[in-house]
Amino acid sequence: MSKESQLRALVNQKLIEMGERERLKELLRARLIECGWKDQLKAHCKDVIREKDSEHVTVEDLVAEITPKGRALVPDSVKKELLQRIRAFLAQHATL
Amino acid sequence: SNRSAARMKDRPLLRKGFYAAAGRGAPLDVLSVMSPAGCSHVSGFKVDNWKQNLRVIYQCFVWSGTAETRRRKAKSCICHMCGAHLSRLHSCLYCVYFGCFTKKHIHEHAKNKRHNLAIDLLYGGIYCFVCQDYIYDKDMEQIAKEEQRKFFFFFFLFSPLSPGVGEKYSTWEPTKRELELLRHNPKRRKITTNCTIGLRGLINLGNTCFMNCIVQALTHTPLLRDFFLSDRHKCEMQSNSCLVCEMSQLFQEFYSGHRYPHIPFRLLHLVWTHARHLAGYEQQDAHEFLIAALDVLHRHCDDNGKKANNPNHCNCIIDQIFTGGLQSDVTCQVCHGVSTTIDPFWDISLDLPGSSTPFWPLSPGSDGSVVNGESHQSGSTTLTDCLRRFTRPEHLGSSAKIKCGGCHSYQESTKQLTMKKLPIVACFHLKRFEHSAKLRRKITTYVSFPLELDMTPFMASSKESRMNGQYQQPLDTLNNDNKYSLFAVVNHQGTLESGHYTSFIRQHKDQWFKCDDAIITKASIKDVLDSEGYLLFYHKQFLEYE
Chain A
1 MSKESQLRAL VNQKLIEMGE RERLKELLRA RLIECGWKDQ LKAHCKDVIR
51 EKDSEHVTVE DLVAEITPKG RALVPDSVKK ELLQRIRAFL AQHATL
Chain B
1 SNRSAARMKD RPLLRKGFYA AAGRGAPLDV LSVMSPAGCS HVSGFKVDNW
51 KQNLRVIYQC FVWSGTAETR RRKAKSCICH MCGAHLSRLH SCLYCVYFGC
101 FTKKHIHEHA KNKRHNLAID LLYGGIYCFV CQDYIYDKDM EQIAKEEQRK
151 FFFFFFLFSP LSPGVGEKYS TWEPTKRELE LLRHNPKRRK ITTNCTIGLR
201 GLINLGNTCF MNCIVQALTH TPLLRDFFLS DRHKCEMQSN SCLVCEMSQL
251 FQEFYSGHRY PHIPFRLLHL VWTHARHLAG YEQQDAHEFL IAALDVLHRH
301 CDDNGKKANN PNHCNCIIDQ IFTGGLQSDV TCQVCHGVST TIDPFWDISL
351 DLPGSSTPFW PLSPGSDGSV VNGESHQSGS TTLTDCLRRF TRPEHLGSSA
401 KIKCGGCHSY QESTKQLTMK KLPIVACFHL KRFEHSAKLR RKITTYVSFP
451 LELDMTPFMA SSKESRMNGQ YQQPLDTLNN DNKYSLFAVV NHQGTLESGH
501 YTSFIRQHKD QWFKCDDAII TKASIKDVLD SEGYLLFYHK QFLEYE
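So the protein sequences, as listed, match chains A and B.
Okay, so the first sequence: first residue is 1 according to the UniProt record's numbering, each after it adds one.
Okay, so the second sequence: first residue is 1 according to the UniProt record's numbering, each after it adds one.
Hints are computed from structural coordinates only; laboratory data are not their basis.
Among the clues, some could well be false.
[Unchecked claim] Heads up, simulated DSSO-like pairs for lysine-lysine below, C-alpha to C-alpha not over 27 angstroms straight-line:
id: 1; chain 1: A; residue 1: Lys14; chain 2: B; residue 2: Lys75
id: 2; chain 1: B; residue 1: Lys403; chain 2: B; residue 2: Lys415
id: 3; chain 1: B; residue 1: Lys483; chain 2: A; residue 2: Lys25
id: 4; chain 1: A; residue 1: Lys25; chain 2: B; residue 2: Lys145
id: 5; chain 1: B; residue 1: Lys509; chain 2: A; residue 2: Lys38
id: 6; chain 1: B; residue 1: Lys509; chain 2: A; residue 2: Lys69
id: 7; chain 1: B; residue 1: Lys483; chain 2: B; residue 2: Lys431
id: 8; chain 1: B; residue 1: Lys113; chain 2: B; residue 2: Lys75
id: 9; chain 1: A; residue 1: Lys38; chain 2: B; residue 2: Lys190
id: 10; chain 1: A; residue 1: Lys14; chain 2: A; residue 2: Lys80
[As the list claims (entries may be wrong)] Computed list of chain A residues with no C-beta within reach of chain B, every gap over 10 angstroms:
id: 11; residue: Met18
id: 12; residue: Pro68
id: 13; residue: Gln92
Since the model is a prediction, treat every value here as computed from it, not as a measurement.
Ideal Cβ placement from N, Cα and C applies to all residues, glycine included.
The shape of chain A in the complex, shown without the other chains (with noise of 0.2 angstroms):
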């Protein structure tokens, strides 16, 4: 593993440790559902599920469609929030 992936897995467990990671996953939803983005990907879903044959669409179909356009939907102050939270976080459990 390289060291930036060693880095993220210390990072991720020390999240999941402190229970922060439920938090921040709690915020995002949130945010995400006030936004809108719930809402978008989810009509994006039921189109996806109609373009395709809708008898044989799977859960990795779905996820493999909506993936990118989700990503890029995710408005850029919803990522700052979570990123401040993060930092913040970090500089107050600093023994890594």
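Once you have looked at the hints, place chain B on chain A.
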């Protein structure tokens, strides 16, 4: 097994079999698999003490609620093949094995060990490698829901979260009664981008355009619409004269899909009954009607009799949506003591240049920064200019001395208004009608107003920051709380003696329509922003989205 039996019992999706033996089962319309019958492959798992085992897996690796389980999860939840901790990690349900989904490491394990079930550690979904999809088994879903609820209960109880993150968001599931209603009323209305739902003309009953345009604005106020369409008004009034009930009826009419104009005779009658000063067939002021209507609606929303006891602490829908707090600071010029009061408001009335009250100048030190996308050009007044004037410190003069609590005598003072609490819907009233002793006229000065408005500079909190020396307040881009979007404009054409009211309303995202009594026409954003503007309705942005 024969195909029809498989169709009835198993309902797996048709997939190329993962094992040589699999590949049976009939293709099934996704829509008819409404009840979670799961797949037949879980039967191998559902033996012995499987329920408890599954619970433990959820508690330890999916929804880890205690410090101990979190520590274990942090340490052990990594892919046994590549060490990755993200990549959609899954846990095998038959043995202790974690593998990432994205790189198919868990798939390899499933194939090698013939362990055909795994659980997604992020969302708790159960994946069947034979069906090659996530499956929904009723019993397993039940356990998942319980464990998730347990986790979230303690999660929200013990951890402080950011404002705005409240209870766990759960999707709507219809009750038996609701299913019945849906079955008995099979007609469905589809809302596409071009549909005209919510648009309806209103017949003019004799100079009632002042009422019609306010009705258009109210029926297109998103939160108010949601309140009434969800049937949230429970009437406590004995008589038939509840204005809130009539409002509810009005929403039903507007969203009925009928395209012919509605005749609001009952509404007019109720208004005449409850606001006598507006009765009669002469033209009234739309702004007066708005305030009177909000007042009657507020009074009729009984809110369990709380209003009778404490009219200032009402939590009715009118207060929730329209009531803001206006802070008034009176500063004694001698001892500089400040006396502060906060009064509720439903609208902000703004003086215009050209009226008999002096409009300019603003304080000479006013920044030339661009506020709300408008830079001040000489000659054209903006809504922001009016708001700046409204919130500027005003010297009260020697003829209006205030009794100062600090000096214990009458002193000259300055007064300043700022917004303490912003309402969800902010209504700005441009004072175009001058009714002074000698003068009755209409001020037709053009005031430009924006589609999006940031109220931050006019907040009491911003004023405090300025006083503490932080003059140039950097616009806090992360704080969306003070940002507003325009959704309705009421205009008056003509003179004080004979005039006509029309309105522009925003129906869908950026679709605007002009409402001229019974005639509704499509309008462009330019039409709206070029109009004179008398009443401007803005809605907080973070509650409504594009």
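Each hint tested on the structure:
For the hint pairing Lys14 (chain A) with Lys75 (chain B), the CA-to-CA distance comes to about 10 angstroms; that is within 27 angstroms, so the pair holds. Among the hinted pairs, Lys403 (chain B) with Lys415 (chain B) is consistent with the structure: their alpha-carbon atoms are about 13 angstroms apart, no more than 27 angstroms. At roughly 25 angstroms between alpha-carbon atoms, Lys483 (chain B) and Lys25 (chain A) fall within 27 angstroms of each other, so this suggested pair holds. Using a Cα cut-off of 27 angstroms, the hinted pair Lys25 (chain A) and Lys145 (chain B) holds, with the two alpha carbons roughly 18 angstroms apart.
Proposed proximity of Lys509 (chain B) and Lys38 (chain A) is supported: the alpha carbons are some 17 angstroms apart, at most 27 angstroms. Restraint check for Lys509 (chain B) and Lys69 (chain A): the C-alpha separation of about 21 angstroms stays at or below 27 angstroms, so the hint holds. Straight-line distance between C-alpha atoms of Lys483 (chain B) and Lys431 (chain B) comes to about 23 angstroms, which keeps the hinted pair within the 27 angstroms bound. Only pairs whose Cα atoms come within 27 angstroms are accepted, and Lys113 (chain B) paired with Lys75 (chain B) is accepted, the gap being roughly 24 angstroms.
Taking the CA atoms of Lys38 (chain A) and Lys190 (chain B), the gap is near 20 angstroms; set against the 27 angstroms cutoff, the hint holds. Our distance criterion of 27 angstroms between C-alpha atoms is met by Lys14 (chain A) and Lys80 (chain A), whose separation comes to about 21 angstroms. Taking the minimum C-beta to C-beta distance to chain B, about 8 angstroms, the non-interface status of Met18 (chain A) is violated against the 10 angstroms cut. Pro68 (chain A), annotated as away from the interface, keeps every beta carbon of chain B farther than 10 angstroms; the closest lies near 14 angstroms.
The non-interface label for Gln92 (chain A) is consistent with chain B: the shortest C-beta to C-beta separation is roughly 14 angstroms, beyond 10 angstroms.
Hint 11 from the list above is the single one not met by this structure.
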